[in-house]
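Participant: Listed below, chain by chain, are the residues.
Number of protein chains: 2
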Amino acid sequence: MIQVAVMGYGTVGSGVVEVLNTNQASINKRVGEDVNIKYVLDLRDFPGDPVESKLVHDFETIVNDPEVRIVVEVMGGVEPAYTFSKRCLEAGKSVCTSNKELVARHGAELMEIARSKNLNYLFEASVGGGIPIIRPLNSSLTADEIEEITGILNGTTNYMLSKMTHEGLDFDSVLKDAQQKGYAELHPEADIEGYDACRKIAILTSLVSGQQVDYEDIYTEGITKITAEDIQYAKKLGRAVKLLASSKKVDGRFCAMVAPFLIGEQHPLYSVEGVFNAIFVRGNVLGDAMFYGSGAGKLPTASAVVADVVDAAKHLEESVMGYWTSQKLELSKISSARSRFFVRARGDAGKDAPAMSELFGPVEVVTADVAGEFGFVTDVLTEEEFAARAAKTETIINRIRMEG
Amino acid sequence: MIQVAVMGYGTVGSGVVEVLNTNQASINKRVGEDVNIKYVLDLRDFPGDPVESKLVHDFETIVNDPEVRIVVEVMGGVEPAYTFSKRCLEAGKSVCTSNKELVARHGAELMEIARSKNLNYLFEASVGGGIPIIRPLNSSLTADEIEEITGILNGTTNYMLSKMTHEGLDFDSVLKDAQQKGYAELHPEADIEGYDACRKIAILTSLVSGQQVDYEDIYTEGITKITAEDIQYAKKLGRAVKLLASSKKVDGRFCAMVAPFLIGEQHPLYSVEGVFNAIFVRGNVLGDAMFYGSGAGKLPTASAVVADVVDAAKHLEESVMGYWTSQKLELSKISSARSRFFVRARGDAGKDAPAMSELFGPVEVVTADVAGEFGFVTDVLTEEEFAARAAKTETIINRIRMEG
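Those protein sequences? They're chains A and B, same order as listed. Mapping the first sequence onto the numbering used here, position 142 (from 1) lands on 139, and the numbers just tick up by one. Mapping the second sequence onto the numbering used here, position 96 (from 1) lands on 93, and the numbers just tick up by one.
Heads up, a few of these hints could be off.
Each pair may be met inside one copy or between any two copies, as identical chains are not told apart.
[To be verified] The calculated lysine-lysine pairs, modelled on DSS-like cross-linking and capped at a C-alpha distance of 25 Å, are: (1) K245 with K178; (2) K178 with K222; (3) K330 with K246; (4) K114 with K311; (5) K222 with K173.
Please keep in mind that the hints were generated in silico from the structure rather than gathered at the bench.
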């Protein structure tokens, strides 16, 4: 019997317990041995809950029990998760986690400890919830050089943008709706400012490049400035506004960014709606591929964590994970990133578009029945070029990058 | 150095050679050792080709060379691929293949031989071309009971249906176009009659169930009866016609089928266009997921084969593949499969729809400006119920099942 401890009995933790119970028979069959939850660590008590008898409040009980071979860390946050995970690995236990914050910050170090002890530090659930993406990158896309990885990695913002699109609502209304439905938190900054997606693309870029990507280095722009008018123009252009977390290899260097983009209907991510997530991958021989599914939620996330538990249980003394080194990856400067830009400007298309053309080069004018303004699309420009030109006028209301 | 032999120097075989050369450095790094092609087996000569010096015409050279540890079988067809693969495994060599015909027919036996000798028989490329699906099913979706797996598994027919939809063309014209573009063969039956998709869903169902599924047992209907008029109605219904290869667990038993379906725009497979493939998977805890990419083509298919070579090279003496037993899986009878049906009938909607209602139960009438006929959608019926009722009238022109 393989003994497992679950640290954190919140949404994901209770999901992990539920999944292990629900699919017990098939999971044990796949592992080839019984998988049993011995402890659940939480500061709270859960009187009457099925896990009551397994509940412990003291981490030392887990780390000091040699019977525990696998620890599920679903506490979230950097501390005490970091210290606990490190101590578990040092004590010879594999760790499976959904903690993107911790993986993005200390993943390289924890993987190194795991490798040195023939253990595994697995984190499939940290990106894309239930969608298999970490393991496919490690063990399926091994014939390729990955040239691009771009994801819709945050379900909250995708839900909000979808709702703005289909119901013509403004940002504040959909945020309230998302909060009422439990999709957005009371303090929604991590989602709407793009921080959550930023940590996830940092993890994916680290994995693809084999080196540590510091998420502080990634240019991150949320969706708070997206308005109902932007959506009107998007529809006119036959495009959708999506918060993309993207990493592209240009001239041998990765350029990473989180920002709203206007994407065309030919792009595989165009039709990803609501709380779903998807990750688009371009390989130099594979071409384009996409992985789609539930990016969050109790059971989908738990499904990915438990798949890691199965993997760890099948390889108790063999390191099978992918990894990256702690050597920091230098990303290319955001100022040299290139895209077309959609721009909204005050004024009248007929009268004022020529001035914009003079400033930005050839533009394609778009109107969307919004009084006192017009839109246009530039040719491909670098961020630096765009910023320099935009600084020369005071008529710009908003700008959104275009993709595809 | 790990020596590899490639059997078959056609499209996929030359792709495998190209991928191994193009990404040599990163592949060797991932394997931890150099991977080298020692032989290429083909009956033909290729004067001036880079593989000329490696070309052999006699299989015995490969099977008798103990240096060869991995054999790529990309010959296609059952024989001699079956005999060659079996002999390679018996001689202690792992085999990686794209041969769906062979995997569907003799996969269980070949996997059993591989397991008994701590080797691998890998076939990621046999379903969905470059899309990782076999390995994710084996090693990522291990916390789930798979309840449904439904794919667009044939790029040729999806290209044809997409073209019929977007250009309003009839079947014969798009077939000619597909043949001219090289997407369809001169003898296109394997694609357009659904046989190709049938073998692939047989493989996926075998993998998910753990038992042998004989593809002869799978009800298979191609796209040859789909007309421009069907597409007109589909558009009226806001749906797309897709050739789906589907396996669903109903009351503990799998029901498998290949047939054109009208799918709604909420379905993840709705927006899969052109030669792309996608596989939709529903797990009991994961929920809905989808894997999308190039289902065919030289380099995408070779990417999947070479990923298998990397896996085999990393596990030269350890069986890491999923497998199924040769015990035959009893599929549930097609007659009990349930769906709504879209039906086209001769006559006038106003005058003749009531008779259809009397026959089929409540129907939703659809018209699409096609003279002398009308369409309607039934409630959910079993195949048996539908057939019995349809037999009572002679006015039915065509019927297409609905999904989602």
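Participant: At most 25 Å between alpha carbons: which applies to K245 and K178, within, between, both or neither?
Facilitator: neither (34 Å within a copy, 31 Å between copies)
Participant: I want to check one pair: K178 and K222. Are their C-alpha atoms no more than 25 Å apart within a copy, between two copies, both, or neither?
Facilitator: within (22 Å within a copy, 46 Å between copies)
Participant: Up to 25 Å between alpha-carbons, please classify K330 paired with K246: within, between, both or neither.
Facilitator: within (12 Å within a copy, 51 Å between copies)
Participant: Using 25 Å as the alpha-carbon threshold, which applies to K114 and K311: within, between, both, or neither?
Facilitator: both (16 Å within a copy, 19 Å between copies)
Participant: If the cutoff is 25 Å on CA atoms, where do K222 and K173 land: within, between, both or neither? Let me know, please.
Facilitator: within (16 Å within a copy, 50 Å between copies)
Checked against the numbered hints given earlier, the structure breaks only hint 1 and satisfies all the rest.
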